[in-house]
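Colleague: The primary structure of each chain is shown beneath.
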Amino acid sequence: MIVRQLCLWQSRQLLALNRQAYALRRFLSTETETQTAVETAVQTPSEEPTTPIPSETALESSTAALSARGTAREAFWKKEERRKQFRRLGSVVTDAYDPGDLIRNPPKPSDITLELLLASQTHLGHSTSRWNPQNSRYIFGIRDGIHIISLDVTAAYLRRAAKVVEEVAARGGIILFAGTRHGQKRTVVRAAELAGGYHIFERWIPGSLTNGEQILGHCEVKVVNALDEELPEYAEKLEDNPALKPDLVVCLNPIENVVLLRECGLNNVPTIGIIDTDADPTRVTYPIPANDDSLRAVGVIAGVLGRAGERGQHRRLAAAKQGVLEYRPTSLNLDLWEIWSWDYM
Amino acid sequence: MAAAKLSPTANLLRRSRLFALPQALDLPPEPPTSKSRADSDTATLPHPIRPSIVTPASSLARGDWGFKRPLPAKSTSLKSSKPVVRINAIDTFEHVTDFESAADHTMTLEKFQELHLPMSLPAKVNYATSIVPRHNSPFETNVDNTETSKPINEVGSKQFRHTGPWLAGLSEADFNAYLRRVQKDKPEILRKLRDRFTAQLNAERKKRAQDDGQDLATLAPIQVTDEDFQRYIKVLRSDPASLGPVLFDLLDLPSPPAVPSDRIGQVYYQSPGTKLSSSEYAVWGPPSTHPSAGLSYSRSHALIYNHPNNGPQTYQRPVEARILRPKGRFKGKSAKAIAGVGGIAVEDVNAMTFAEQGAPAGLASFDATIPGGAKYYVTPFRASVDSYGRIQLASFRATTAAKVAYGIQEYKKPSTGPLTPWMSVDEFTRDQQRIVPRLDRPRTSPLPISSQEPAQKTEDVARNLMRTLSSS
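Read top to bottom, the protein sequences are chains Z and E.
In this text, residue positions in the first sequence follow UniProt numbering: the first is 1, and each later residue adds one.
In this text, residue positions in the second sequence follow UniProt numbering: the first is 1, and each later residue adds one.
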């Protein structure tokens, strides 16, 4: 009786005693022993090279590092192999737009379609209050307060400009790609790379054509043969020659490069320019009416022109290999001036 | 076809995504009042008026949104993880594309869809009677009709749109313009009226013949003469009570608001019973959108959440509502509290009495001490879109049962309890303490003095007990 009472009344006090609580479950799986064999992945070092190595501690550590690198490399290749194996699986999405393709694999002049131009926003002109009435023949209509440039006109003018670039490149002319807007750098460089030309993506230094002697006089010049191999023996003949002038200038933003276009006009250098609805189409020789603000539109146009230049260069080099030249070959004793004069004939 | 004659350019442009963007809607109408209104030009509109536009990630990284020029990353991709924009102008005189973030309406839609509510037809939710209006889906076949729908001629079918304007919402100029349009169509309307009259006469005669037991096959259709028709028009003109229904029917006008009770005894142009799908539309005008407004396409409310531990739940997960305005008197009027549920302002409903037991903190009056602002949990039960395109949400305060199942707890203010002597304000007033009390913080005593001693006592007792047990 007394004991029962004691339990009844004191058990609550017992609970309050500071002792380890009875845990109902295990916290670690290692506390029990299992019969199943667990295979733990253990990294085995790759086989030691069979060549005898002097047993020095420093060398040992270096071989350990080497073997670790070896396993890493092996794992990498294994992963690559697996990836190659699995890449074939699944569906293939074709005709998907990838913005990187404009740089990696720009469209050829034969790829110009109205759909491509529409998708790359070449038809979006400026606000109607900004228009230059000289562009009215390129304008299709007005929508949402902006002028819409006609897609077929853009396509036609772009094809014509591509032909111009191709023929200039096929005749070994110097092509200069100028696009000085923010974000156009990679496009301009890639187009120049394809066309074997030159690029400007920062700023046209005013006077580079009209005052080229002062601004570009110190720049390096080289003479190449028909296969684009340098001819160092002409080096001293080049000393007193004027600075080079491009044979074609492709300007991606004519609005900002009015000075460049004016100098080209003064020096009889033909120009190609993207003419938006607010630009003056008479500033350039071969206008391409299109949107010059969208990087995608500019990327398509510059890519097409770069591809055209690439084709021209291929044509030229192929002809040169067969001995067909666009100019009369010269020799060292001829005056260099004659070479220039041949160029302009 | 006209489309076949279009040039390839025109065809392409017509089908392009940019040209497929809908034109901007009109701004929501301002309430017809002469009172000065204090609202912001930059406030979120009650409903979107321009489409929201997204772009794939690869183009987003280049700022390409398919418009005239790339949009700057600073206000799109750097600002938000899921940038959505709306375009006000593709190009402006300043050579900029006028755009702004559309996250306001996009997020509201996302939050609304997380409530798992179907849309209902608008109904007056009267909280005082605790009778909740039933859920009526606007997608039911008998109400989801326009003037061109097929089931519109069936008995009891309702519609949400009429061809005619809502006369009560027209300004005088609009009404005059409508009158001119009707006058131009007078011959057509008269022809319809004549057809109607003929049909009515034929139906009456058929009924009479049926009642008299005559052979229906031998009945020849009645030919209405011009004199009969003119007489009919005269009768109609002299009796507004019968002309009213004919007019509303002929011109396909939505029914007007109810006639004020003081005019019931007088003669007026009576209207037929409303054909609109909700009686609220008769008061506020036919809806400006489809009654669902595209917010949700589910018809049914019968959706049950199956809790992994607790099984099927009666309630959906309660949602946290921010108290936008506590209840009280504003501008001389006693007002209900206003809470924000998923970006939608909702009148708090249960706050009917002023002294409420167990009300959420901050509901009765503004409380600055609640961290993050005052919030409480609600269970939304009915959503509809009113005539002006605003979302009307009704919600109840979440019950304890609803909250427990989801492990949700209401914010509890730390209880102040009786002031300990060292914290009492008297001390400070008597100038015995040098510390100034922070009255804007919740007062919690740093040391739980009283709770320490009993624990000590019980442990001592237990030790003594064990000692005595082991010794014996």
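Just so you know, not all the hints are guaranteed correct.
Stated by the list, open to error - Below, a list of computed lysine to aspartate or glutamate pairs in the DMTMM-like style, where the Cα atoms sit at most 25 Å apart:
| no. | chain 1 | residue 1 | chain 2 | residue 2 |
| --- | --- | --- | --- | --- |
| 1 | E | 124 | E | 98 |
| 2 | E | 82 | Z | 98 |
| 3 | E | 5 | Z | 98 |
Unchecked claim - Just so you have them, the derived chain Z footprint on chain E, three or more residues with Cβ under 8 Å:
| no. | segment |
| --- | --- |
| 4 | 13-24 |
| 5 | 64-76 |
| 6 | 86-99 |
The hints are simulated quantities; they were obtained by calculation from the structure and are not laboratory data.
In this text, a Cβ means the ideal position worked out from N, Cα and C, and glycines have one as well.
Colleague: Output the indices of the hints that this structure fails to meet, ascending.
Modeller: Of the numbered hints given earlier, those the structure breaks are 1, 3, listed in rising order.
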